[in-house]
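There are 2 protein chains.
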Amino acid sequence: MKELLSKAYAKTGESFISTILTAAADPNVISFAGGLPNPASFPMEALKESCNNIIDKYGSAVFQYAKTEGLQAFRQYLAEDYNKTYGVNLDADNIVVTTGSQQALDCFGKVFINEGDGILVEKPSYLGAFQAFDQYCPEYYPVTLNDDGLDIEELEETLEKYGDKIKLAYLIPEFQNPTGLTYTEENRAKVTEILKKYNVVLIEDDPYGQLRFEGTKPPYIGLGKLPQAALLGTFSKVATPGMRVGYVVTENKELAKYIAMALEATSLHTNIFSQYLLLDYLQNNDQPAHVKDIQDLYRQQCHCMLDAMDKYFPENVTYTRPEGGMFIWATLPEGVSAIKLFPKAAEKGVVYVPGDPFYVGVHDANTLRLNFTNASPEAIDKGIHLLGDMLKEECAGK
Amino acid sequence: MKELLSKAYAKTGESFISTILTAAADPNVISFAGGLPNPASFPMEALKESCNNIIDKYGSAVFQYAKTEGLQAFRQYLAEDYNKTYGVNLDADNIVVTTGSQQALDCFGKVFINEGDGILVEKPSYLGAFQAFDQYCPEYYPVTLNDDGLDIEELEETLEKYGDKIKLAYLIPEFQNPTGLTYTEENRAKVTEILKKYNVVLIEDDPYGQLRFEGTKPPYIGLGKLPQAALLGTFSKVATPGMRVGYVVTENKELAKYIAMALEATSLHTNIFSQYLLLDYLQNNDQPAHVKDIQDLYRQQCHCMLDAMDKYFPENVTYTRPEGGMFIWATLPEGVSAIKLFPKAAEKGVVYVPGDPFYVGVHDANTLRLNFTNASPEAIDKGIHLLGDMLKEECAGK
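Quick note, the sequences are listed as chains A and B, same order.
Going by the UniProt record's numbering, the final residue of the first sequence carries number 398, and the count climbs one at a time with no gaps.
Going by the UniProt record's numbering, the final residue of the second sequence carries number 398, and the count climbs one at a time with no gaps.
Extracted from the complex, chain A is given alone in its bound form:
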């Protein structure tokens, strides 16, 4: 059968996410590898009540086929929420509800990318985005991500040189995956200015924006500023990932229309029960208070991990100090491969995601991603202790 595969699938190996999930599923292992929200972030009782409410209230509509773009009232609710919070002027037609943000990424690939077309990405960037886009065989143009955001000089150079080939720019400016870094307000303003000069569609992925437990939120790069921009939102981190409900927000209704066309061809529409459910949940519960509880929990878990890293990691390993989100990014001394150390760490009983899959064409990267949201303080301390002991050994004298 291999000879029948499409180009994209003929060159894929085992999925790295699957490998991680398998290692992380071992109950004897402390996993900092996944990106699972803490189950405490699922408002279970309220969701259960809403399940019953919507069946009683809307009857068969919650089980029937539905419009591709998503439930009108749900999209209107989301639009008004953005209007209130960010002073934009959206309505339901600016929103398309997708099967998680992942499906939005797939739809952008479908609508814009043919083999060889360019996508500008952060270096490093989200491995799931590479998986989605890889299916359309693009060329990637990585721009270094610094502590304050995108490397502006590199961004300008890249667009100057390859601007005619680059169709999409995929950025995660807040609590970035994998680094946990956030672009400063100043950096964002520069990125906006530069992107304005090119015919490029910006995908501003914002799965973690609500998980800010320190500092203040800088403005969006695209929303309200760029004519060809989309923001990706999701309920995966603030209500339930299992329901697979994300959404595309764009002031460009032509873009919304194309994304909906791709969505229709891909899965007809997003699970309508889940859309009714989340709408009812939002209408009848204090979601900001619930989000604050998640922020408090994750602040504690993040600090617990950073404290443990300060205590157990060798001095020649550096790491980010996120103001929110789910991840810390560690950098080992040059020449130390995090992927080569993965089996050793797993054997000791702790796993992480090695840096490699977050880059384009980089092997044996000296970086790794740690997730702090889905382990108890005790497990965090124990796992970081195990990892620190191994790193002390492996990084000594480097």
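Since the hints were made in silico from the structure, they are not lab data.
It is possible that part of the hints are untrue.
Identical chains blur together in the list; that is why a pair holds if it fits in one copy or across any two.
Claimed, not checked - As a list, the in silico SDA-like pairs of lysine to any residue whose alpha-carbon atoms are at most 20 Å apart: (1) 2 <-> 253; (2) 253 <-> 344; (3) 165 <-> 10; (4) 292 <-> 376; (5) 48 <-> 58; (6) 11 <-> 115; (7) 257 <-> 23.
Add chain B to chain A, keeping to what the hints say.
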């Protein structure tokens, strides 16, 4: 933005499904256009009970991220059901749960099709499949669908001539969409024999198989017989389409693995709440009895429509007499365009799907699809009366 679009999207116009849905949504119009199941086919009370059951029983797992392939126990349940009914030997790893069958079609496109690769299809075939596959810019090789199944001579000729280009064969052998036709057992056996000789992956789409209200079910073409075949199943017609739960059944575990890889890149996994829900529903309810009720309802609705067609349609309009499923296919005299008549019909207050979108490169087809599952007997009689009067006028002397 248009200049940035991928080849597939640069050439798409307005989606025809959307046009139909819009016309059909007019409350003053009797719609035979959609493919909506009757809401009576949703076991609402039982599903509501299962919503509560699964939250109580499985807790946060029903809201958390899950494995790409789908819920293990659900896949095992489905595998055992096929084993019991069809004497095959499947386990959970032979099943991948998708976001409706539509997503399965998209995944097959991703895994196998590059621009110009061949897909063998029925003439006519399901328009949603064309929408899914079109995104990968294939060449279609249509084979005429006769009253007893695929035209065997044409199938042989097509594969002899283009077998090295054709990667997929997409067939709907039972209560076909759009025609309502079913391949006979003899025809199926011949198709199996011919496909055996070629390196082609068979997609046997079976959304309506359980909706048989007359006659007996012939054996599958691929399942248990072909080494590179997949059967597509769905809960859309026997429980709830809004939940978007379909599945791929394949004895070829390598194929299952590739489909799961594509699924992961597309939407990570299928809504897990819905999978727990359907598993609990199946475990705690008499689904065969529920399916029998749907069959009884659709038999009555189908006969009601056929009786009305016998009564009101002119003699030079012919139509299929389905043994199950959801659709009747009518053929007007040669030269009468069903798409040109669509606005007239809509104005009179009745809509259908004109034949064009079910063909490759055919315009002004003299065929149309009528759905009988989602209108009351009164509406069916009234709508067919309106349509018949118009057809008598338009087809007179042709």
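Identical-chain pair category, residue 11 with residue 115, by Cα at 20 Å:
both (14 Å within a copy, 17 Å between copies)
Should residue 48 paired with residue 58 be assigned to within, between, both, or neither, using CA atoms and 20 Å as the limit?
Classified as both; 16 Å inside a copy, 12 Å across copies.
Regarding residue 2 and residue 253, is the shortest C-alpha distance of 20 Å or less found within a copy, between copies, in both, or in neither?
between (41 Å within a copy, 13 Å between copies)
Status of residue 23 relative to residue 257 across identical chains (alpha carbons, at most 20 Å)
Answer is between; shortest inter-copy Cα gap is 18 Å, intra-copy 40 Å.
Check residue 165 against residue 10 for me: Cα-Cα at most 20 Å, and say if that holds within a copy, between copies, both or neither.
For residue 165 and residue 10, only the inter-copy Cα distance (17 Å) is at most 20 Å; the intra-copy one is 25 Å.
I want to check one pair: residue 292 and residue 376. Are their C-alpha atoms no more than 20 Å apart within a copy, between two copies, both, or neither?
within (19 Å within a copy, 50 Å between copies)
Copy assignment of residue 253 with residue 344, given that the CA separation must stay at most 20 Å:
This pair counts as neither: shortest intra-copy Cα distance 51 Å, inter-copy 31 Å.
Violation of the numbered hints given earlier is confined to hint 2; every other hint is satisfied by the structure.
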